[in-house]
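Read top to bottom, the protein sequences are chains A and B. At position 81 of the first sequence (counting the first as 1) the number is 81 in our numbering, and the numbers step up by one without a gap. At position 48 of the second sequence (counting the first as 1) the number is 48 in our numbering, and the numbers step up by one without a gap.
By construction, these hints were calculated from the structure, which means they are not laboratory data. There are no misleading hints in this set.
Computed list of lysine-lysine pairs in DSSO-like fashion (alpha-carbon distance at most 27 Å, straight line):
no.	chain 1	residue 1	chain 2	residue 2
1	A	K353	B	K92
2	B	K101	A	K199
3	B	K352	B	K302
4	A	K199	B	K92
5	B	K250	A	K199
In silico contact screen, one side only, chain B against chain A (beta carbon under 10 Å); selected entries:
no.	residue
6	A86
7	K92
8	N106
9	G134
10	A193
11	A218
Keep in mind the model is a prediction, meaning the values are calculated, not measured. Note that beta-carbon positions come from the ideal geometry of N, C-alpha and C, so glycine has one too.
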Amino acid sequence: MGPGIITGIVDDDATGITGYAIAGGRFGYSLLWVLILTVVTLAVVQEMAARMGAVTGKGLADLIRERFGVRTTALAMLALLIANVTTVVAEFAGIAAASEIFGVSRYITVPAAAALVFVVVVYGSYRRVEVVLLTVSMVFISYVITGFMAKPDWGAVGSHFVVPTFRFTLPYLTILIGIIGTTITPWMQFYLQSSVVDKGLGVREYSLVRLDVWVGSFLTNFIAFFIIVTTAATLFVHGKPADTVTDVAQTLRPLAGDFAARLFAIGLLNACLMAAAVLPLSTAYAVCEAFGWERSVNRPFREAPAFFGLFAALIAIGAAAVLIPGVPLLTLMFLPNVVAGILLPLILFLMLKLVNDRRIMGSWVNSPVQNVIARLATGLLIALTGIYLVIAILEGVGVVTG
Amino acid sequence: MPFLSQLLGRPVLDPDGTQVGTLRDVLVLTEVPYPPVRAVVVRSGRRLHAVPWGDVSSITPRGTVLRRSFDLGAYREPGEDLVWLARDVLDKQIVDTAGVKLVRVNDLALVPINDELRLGGVDSSTAGLLRRLGLPWPGRLLGRSRVRLIDWEQVDVGPAIDVVRLNVTFDRLHRMRSADIAAVISQMSAGEAADVLEALQDKTAARALAELSEDHGAAVLSAMEPEEAADVLEEMPPDDAADVLGDVDKERAEELMRLMEPQAAQEVRSLLAYEEDTAGGLMNSRVIAVQESDTADEVIAKLRRIAPPEDEIYYLYVIDDAGRLSGVLSLRDLVVSQPDERIAQIMRRDVKYVHLNDPQEEVARMLMRYDFLGIPVVDDENRLKGVVTVNDVVDLVAPRSWRNRPRRMRG
Chain A
1 MGPGIITGIV
11 DDDATGITGY
21 AIAGGRFGYS
31 LLWVLILTVV
41 TLAVVQEMAA
51 RMGAVTGKGL
61 ADLIRERFGV
71 RTTALAMLAL
81 LIANVTTVVA
91 EFAGIAAASE
101 IFGVSRYITV
111 PAAAALVFVV
121 VVYGSYRRVE
131 VVLLTVSMVF
141 ISYVITGFMA
151 KPDWGAVGSH
161 FVVPTFRFTL
171 PYLTILIGII
181 GTTITPWMQF
191 YLQSSVVDKG
201 LGVREYSLVR
211 LDVWVGSFLT
221 NFIAFFIIVT
231 TAATLFVHGK
241 PADTVTDVAQ
251 TLRPLAGDFA
261 ARLFAIGLLN
271 ACLMAAAVLP
281 LSTAYAVCEA
291 FGWERSVNRP
301 FREAPAFFGL
311 FAALIAIGAA
321 AVLIPGVPLL
331 TLMFLPNVVA
341 GILLPLILFL
351 MLKLVNDRRI
361 MGSWVNSPVQ
371 NVIARLATGL
381 LIALTGIYLV
391 IAILEGVGVV
401 TG
Chain B
1 MPFLSQLLGR
11 PVLDPDGTQV
21 GTLRDVLVLT
31 EVPYPPVRAV
41 VVRSGRRLHA
51 VPWGDVSSIT
61 PRGTVLRRSF
71 DLGAYREPGE
81 DLVWLARDVL
91 DKQIVDTAGV
101 KLVRVNDLAL
111 VPINDELRLG
121 GVDSSTAGLL
131 RRLGLPWPGR
141 LLGRSRVRLI
151 DWEQVDVGPA
161 IDVVRLNVTF
171 DRLHRMRSAD
181 IAAVISQMSA
191 GEAADVLEAL
201 QDKTAARALA
211 ELSEDHGAAV
221 LSAMEPEEAA
231 DVLEEMPPDD
241 AADVLGDVDK
251 ERAEELMRLM
261 EPQAAQEVRS
271 LLAYEEDTAG
281 GLMNSRVIAV
291 QESDTADEVI
301 AKLRRIAPPE
311 DEIYYLYVID
321 DAGRLSGVLS
331 LRDLVVSQPD
341 ERIAQIMRRD
351 VKYVHLNDPQ
361 EEVARMLMRY
371 DFLGIPVVDD
381 ENRLKGVVTV
391 NDVVDLVAPR
401 SWRNRPRRMR
411 G
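Build the full structure now, drawing on both the sequences and the hints.
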């Protein structure tokens, strides 16, 4: 399994599942058309990241630092940190939600999960654990199967998939940005590029890398499609809300009856554990790489204080936020998508400059088509965010009602 | 002593004080110690101009003043014959050969000496980072306000600069011990490490490659040009070459062995035939063997001729006509004996040995038990096949945290 496929699987974490489930639960099939945009954009953007990694042998944070200097790097790292802190919180929220479906209090499972992740990554063999987690990820097939068993109106599915509907309401726009943000997250680009470099994949293996990335992008959106269809066919169609995680879990009912909730919880728990390990690690690596601080899981704490400190802090904040009494789990799991969607244009902008720079990429710069797609996507996102903010302000001021 | 970041972006003025542009970069001549500034790059409008050092009157954080009121258009565009400090060195990673690691250039210290401004060193400290961000105060708060400068003479530019174009020779890297070179290289990605190894002399590269962890070594080997990789493999003792090739994918390994000298390739191939964690997989097949009828003098002369590497010379093994192991003597025994004494008189006949298929733990146990520096390996007919030295098994025996096999993991 290549870096592209692994990234694709990790993409369907707490924020992903929640994002797609809410999209289907609240708006039925009407957001399916977005997936065509996201699958193409994701494939193009991830291919850029993978190509940069293969050609330069350097991570994204490294390239940003070398090409743009310290100030831009600080800005990019700040954006990454904000997006990632909210996402780590979401992962622990997912762990809390999953454990509550099993009737175990979050005050036991969340600290346990935090400790587990810390110990496994720092002292143990993450690679071995990764294999286990990836295998359990196959639980996602349950969404595909349920999608068919829920007997959706395939005609409606088809038409909404191909014909875009657009509403200028705040809730709709929020979910729209959320879906784009969760499918194409900033941290994934850093993670993918680092993985490619780490595995020593170079120009010689480029066609394999590209294939791997395309398959991964397709996989993510494939699963997203079925999550939306399933929640639309079970929740939306029957007018049931998707307000709590348990609601979302019930969507698997057609497939597994009462066991539905537990099946969902297993998948969620697994995805969140994996992301809770990968995300803080990848963030700590990127930041230390950018600022030239010592980074390695193999050196003792004293030699790499920034690295371990950051890693530990991210996990601690994530776990602590979720343990605050009364904190709304579903909101926590959805919020990072919007944050990611808003911050994504910055990262895309930097990536576009890097990947088109001949001094860095030699003859491997973007083709005109790739540039068009990537720039169009960036432009659309910025426009969307702009409209979003305008409407949010207008609504806040009372000019428009949602 | 100004830092480069304090000079960049500042106004460039003519002698009357009129601003003619901003300072974009500084060009230095790198082949001499403490590279002197030879020109400055001034940006005016959208164009860049290289102003020779001779035409610069002063350069401070307040601005750069030129000696003449020349129209900037008279100065040509800067070329690629000198190194651009801001573009090519700032924010890149260089090799600190004294600290034996890769560091990022946060800032560069420039030293005025006589009429010249010379590159004194690299600031890789957090204070330098904060200075670039224009935030000196958090540094003082956190006690990180001390600048740590790395003297430029300790620096090797490593993966930062286009090695071929600038004819960088890596002198300092060459003089480092192989374990240190390996430590630095292991901080780079496979591609960067391959570039550095290709630029080093084959012997040095071979020793460094042997010290890398197996999978990193294999990755670096795979990233090198096949011809160069084969050259380096030839310079490695066959057991080390076999260790690295063992982790490279089969097709590539075959390609590399085909490019190697046939004899070297053959030695490596036969070692690869043994299981990795047995005596056969650990051993070096190049072994000095002597006959019982040789005299001490003859053997010493032979050793002088062959001049074997250090760890192939600890013990000399005695074989009979059929190649079977019959005794052992140490270099010490050889040297203190009379020149005309026969080996048969000097050697010990109760030689300890291991079999090709013995597991590595057994080999390690034998070495520890007798405090040997090396132990011979024989086949079923007692013929001498190779030697396992104690440093081959040190990794097995040393506590886990001492192992210098860095695992890289970005999650």
